[in-house]
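*Asks:* As a plain string of letters, each chain reads:
Number of protein chains: 2
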Amino acid sequence: MKNEKKKHSALHEKDGISPPEIISLNAVEQIQKFRKKQLSSRELIDGILSGNIADLSRAITLVESTNANHLAKANEIINACLPYANESLRIGITGVPGVGKSTFIEAFGKYLTSLGKKVAVLAVDPSSTISHGSILGDKTRMEELVKDTNAYIRPSASGETLGGVARKTRETITLCEAAGFDTILIETIGVGQSETAVHSMVDFFLLLKISGAGDELQGIKRGIMEMADAIIINKADGDNIKKANLAKAEFNRALHLFPAKKSGWTPITSTCSAITHDGIPEVWKTIEQFLEFTKRNKYFFKKRKEQNQYWLLETINEQLKSNFYNHPEIIKLLESSKKAVSTDEISPFAAAQELLNVYQNYKKIS
Amino acid sequence: MKNEKKKHSALHEKDGISPPEIISLNAVEQIQKFRKKQLSSRELIDGILSGNIADLSRAITLVESTNANHLAKANEIINACLPYANESLRIGITGVPGVGKSTFIEAFGKYLTSLGKKVAVLAVDPSSTISHGSILGDKTRMEELVKDTNAYIRPSASGETLGGVARKTRETITLCEAAGFDTILIETIGVGQSETAVHSMVDFFLLLKISGAGDELQGIKRGIMEMADAIIINKADGDNIKKANLAKAEFNRALHLFPAKKSGWTPITSTCSAITHDGIPEVWKTIEQFLEFTKRNKYFFKKRKEQNQYWLLETINEQLKSNFYNHPEIIKLLESSKKAVSTDEISPFAAAQELLNVYQNYKKIS
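Chains as they are written, first to last, in the working numbering: chain F, 1 to 366; chain H, 1 to 366.
Among the hints, a few may not be true.
Taking lysine to aspartate or glutamate and the EDC-like style, the derived pairs with C-alpha atoms no more than 16 Å apart in a straight line are [claimed, not checked]:
#1 F:LYS305 to H:GLU345
#2 F:LYS110 to F:ASP182
#3 H:LYS338 to H:GLU354
#4 F:LYS321 to H:GLU314
#5 H:LYS321 to F:GLU318
No lab work stands behind these hints: they were computed from the structure.
Based on the provided sequences and hints, a complete structural model is requested.
*Replies:* Printed below as a string of structure tokens:
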């Protein structure tokens, strides 16, 4: 009786009965070990602060969860990590599919760890919910970096809205920084609105391009070129070198049509090859120059403060919308409102007012 | 007694007493006429539909009001006008101060009325609240157009948020269309976010530039160049013609770096002079070609439907934010939250959650 009370796990056999051979003792041990690892917030915080990667991953999973209890725990952990965060350099890397983002990050990440840096690679990719991870999902494309003990790779959180995905990534940055990562690379796919979100969480924004591709491949959404602190022409190797240099000159010319940046920094255009590693050290050198420049003129610190304010308001605005559009009564009515508006039966403004009135009334009685 | 009861206006003297000479009978008549003109919604609607400009102006004033009764009346009028609206062509015109927007609109507007068109000129300028109308405020810069009976010029609504100003302009378009205006020009200042708002209410987006200006004058915010359906180099007259042609070629080259437009339309670059009127008819010809092209491939109609959906959601989102940020309790707490976030005392996400909880609790008991 006494023994039974102590070992109440269903995985444990009663004394005196030997386990059947089909139960692997090793599996039992694994499962028990996992169960034991449902750690408290305090344990996870201590784990993160001592650089424990498994605990970091567990905390990120809480951040990404949609379970309210997990989120409360995640908020507790993030706030405890906050005093140890904010010391890293955050670099955004964007480019349309085909420019070689993964191979570039592999080569660049390896170069950074060779300098003694601890590198975390994250991603913001709202499409990953549908495509099941179109970027960073396949870690095999970064096989060197994935084996590097000074690198940590985490695919994009999934979620229905860009705002949600971006917020989770922003919170993950804090956790990675508290775990001792001093260089955070944030990958995003250069075809949507994700760049603006990433731009609002990084210090340096790098646009990856290639030369000699068709227009559809070069196609970069509005404003991305203007956000870039550097445009790097990748795949500048073999027969491509000449074309890459031409592309570099052309982008340089185009950049001059854009207004001066708030940072005072003049964007740099350069070429590199993730295969031969030519130009990779120069990318880092550019970033170091940018850092020195923007820390001297204080823009670096000003931007970080502004980014924090941005995330405060952005989180509020996202939540207000989420509460509204997920309200059962609004879900019921929105489609017919949209239809009436698109056929000009009602003005968009009057339809909006109708829905807001419904919401207001339900809020009062709920 | 009988007479006194009938003529109860303070502007009317009692019978038997002749009015003193200092009271102008004409002024009395004017004021009485004005008082009589506090028209019902029905009267205003009839006035607008018969093309009465005074009634159109009165209805727009209701749209721009912050008084709840006025807004209810405005909504009633807009919905009644809706079946008679949507038949115009809406053209957005942007450019930084100094490119000659007013003189261009004067020359272009006069050309359009000479073709028999009825032209309404509106503006979206959120800065006008502070600067008291930096664009279109000074109608004297359009003295020919202002005298033209086939043109109607209305300065930007004022308001604290771009969303609010833009919504009012969008509603004003409906009223102008119902009053018979078939070409709506919407001016905006090319230095902010207003272009995105204007882009969401026009069919054709025209970017005005000049050649040979300093970088600060050419400075155009992110994405505006990519929104443009045409880039027109203004002030191509006298010594400027050669430089204007060079600028045209340069912008043409830069446009090729941008992705193809959803409309399938290839943006056009051309030069014009608002002084000599050279190139003005060509601007209209370009717009006609655009119309033919996008009506044939149905993009024109698709975009209008999308714009309506956009304004439905945009109005809701604006109102949700406005309700939150204008809540007395939030006004009281927001500043200290912002401060705590900017000094890293609390994460932006946790601070947002705190404010949302406060708001939620107040909503329930209000």
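*Asks:* Can the restraint linking LYS305 of chain F and GLU345 of chain H be considered satisfied, given a maximum Cα separation of 16 Å?
*Replies:* Holds: LYS305 of chain F and GLU345 of chain H sit about 12 Å apart, inside 16 Å.
*Asks:* Check whether the Cα positions of LYS110 of chain F and ASP182 of chain F lie no farther apart than 16 Å.
*Replies:* Distance of about 14 Å is within 16 Å: holds.
*Asks:* Within a Cα-Cα threshold of 16 Å, do LYS338 of chain H and GLU354 of chain H meet the stated pairing?
*Replies:* Holds, at roughly 12 Å.
*Asks:* For a C-alpha distance cap of 16 Å, please report whether LYS321 of chain F and GLU314 of chain H respect it.
*Replies:* holds, 11 Å
*Asks:* Measure nothing beyond the straight line between the CA atoms of LYS321 of chain H and GLU318 of chain F; if it is 16 Å or shorter, mark the hint as holding.
*Replies:* Since the Cα atoms of LYS321 of chain H and GLU318 of chain F sit roughly 10 Å apart, the hinted pair holds (cutoff 16 Å).
Checked against the numbered hints given earlier, this structure breaks none of them.
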